[in-house]
Amino acid sequence: MIDGLRPYPEMKSTGVQWLGDVPAHWDVRRIKTLLKEIDHRTKSGEERLLSLRMRRGLVDHHDSGGKPIPPDALVGFKVIEPGQIVMNRMRAAYGLFGLADVCGLVSPDYAVFQPADNSYNRYLLETFKLPSLAAVFRAESKGLGTGESGFLRLYTDRFGPIPVSYPPLDEQRLIVRFLDWHGAQTAKLVRAKKKIIALLNEQKQAIIHRAVTCGLDPNPKLKPSGIPWLGDVPEGWEVKRLKQVSRIRYGLGQPPAEKVGGLPLIRATNVDHGRILAKHLVYVDPDAVPKSRGAFLKTGEIIVVRSGAYTADSAIIPADYEGSVAGYDIVVTATRVLPEFLAAVLLAPHVQIDQLIPASMRAAQPHLNAEELGAAVLAVPDAQSQRRIVAHIDNETAIASKAIDIAQREIALIQEFRTRLIADVVTGKLDVCAAAASLPEVTEIEPADDLAEVDDLDEVPNDAENEEVAA
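So for the sequence shown, our numbering puts the first residue at 5; every next one is plus one.
Among the clues, some could well be false.
Derived lysine-lysine pairs resembling PhoX-like cross-links, with alpha carbons at most 25 Å apart [unchecked claim]:
no.	residue 1	residue 2
1	Lys36	Lys133
2	Lys302	Lys283
3	Lys244	Lys225
4	Lys263	Lys244
5	Lys133	Lys40
6	Lys295	Lys197
7	Lys283	Lys133
8	Lys302	Lys263
9	Lys406	Lys192
10	Lys199	Lys227
11	Lys146	Lys36
12	Lys406	Lys36
13	Lys146	Lys263
14	Lys247	Lys302
15	Lys146	Lys40
16	Lys16	Lys433
17	Lys302	Lys192
18	Lys198	Lys406
19	Lys263	Lys295
20	Lys406	Lys199
21	Lys406	Lys283
22	Lys302	Lys244
23	Lys247	Lys227
24	Lys247	Lys192
25	Lys199	Lys263
26	Lys146	Lys133
27	Lys263	Lys133
The hints are simulated quantities; they were obtained by calculation from the structure and are not laboratory data.
Based on the sequences and whatever the hints tell you, model everything.
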């Protein structure tokens, strides 16, 4: 079906740089003619609190792991109704828009819009998330200051005059129907490849677990570890807590101001089973990073995910990320073991699954602190054995690692194709109306988590643990 898509037969120039040509029968409208800002505030704070997430849109604040907030603290928050569009003013350039399907409350710093009767809110949402429009949103955002106070905001008086493509209402609906269908097909394909990656990572974990708990001798002499769940360990190995062989500190509690050409900010979304992923890296102003926080990373340090779905995942910092910035995570510096050995141990099931993940369990969502991480128990051989174990792991996991790289590149290509397709369809470069007319309505849209890896880019908790350092 994709191969059969063709351009519209007649196009016209819009005179809008980001948009280019559109079909001759389409209009170009300013956003303010399609939306009306609504500013309705709660007086009780009793309504459901919603959070705006990059991948999932508007979600229940508590169900998504947010800290409980009493109603009196929510008085003055904005009330939203089903069908309204919500914009995070500070993250509009990242496509952080959501569509309400329930009544609730959102941050008073967000903008809430009611679509006009002749506009389809789903089509508008797809438009506002276009990468080609992101640069326009960024250019129209304004603000003062640097660092944590230096975030730019896209205010309504700058958002409203921006021109966007505007097809007839029936075409808007057909475009969204087609994108929903394609999104469902894409999600199935991505999910299948992620299952392969998960199996390969399990294979790697089994190799790592055997090596870092038993060594390389197939018949080692063992001794009791003194830890019931750890069992016996090879003679000559010592049982230590992580804090005894490393220094542990926190990364930043709040992200600094972003800057093109700045330093990469390593966040949870960039940590994947021992590797740092370049995709979705955010670059920040080094001058906005508090020097006292020790957030600058060195080669061989290990970053451990502190909160959320990826809690307890970790990766060693390679040489090409020397000087990058640690986000809302924990940093481990090996002091009495080889960094590469320690990085392998932290990925082993007896540490990650048996110790760190259970320690991180909270009522709302997983959250690991430095004290819990430092208390993790590991078996440590002599330095020569550590080097041999690291070399063995590298050799035995090389094939699986290569296969994972291939699968991840394939996922990236699939996602890039979908991003390009959405842009071409929403801005009228491809005609999908005939194809969409024969498609069924997609009643259950696949979770966006299957289509994107970028994290939520929502506010990060600023709690007292940000100042905590484990010895």
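(message) Are any of the numbered hints broken by this structure? If so, which, sorted upward?
(response) 4, 6, 10, 12, 17, 24 and 25
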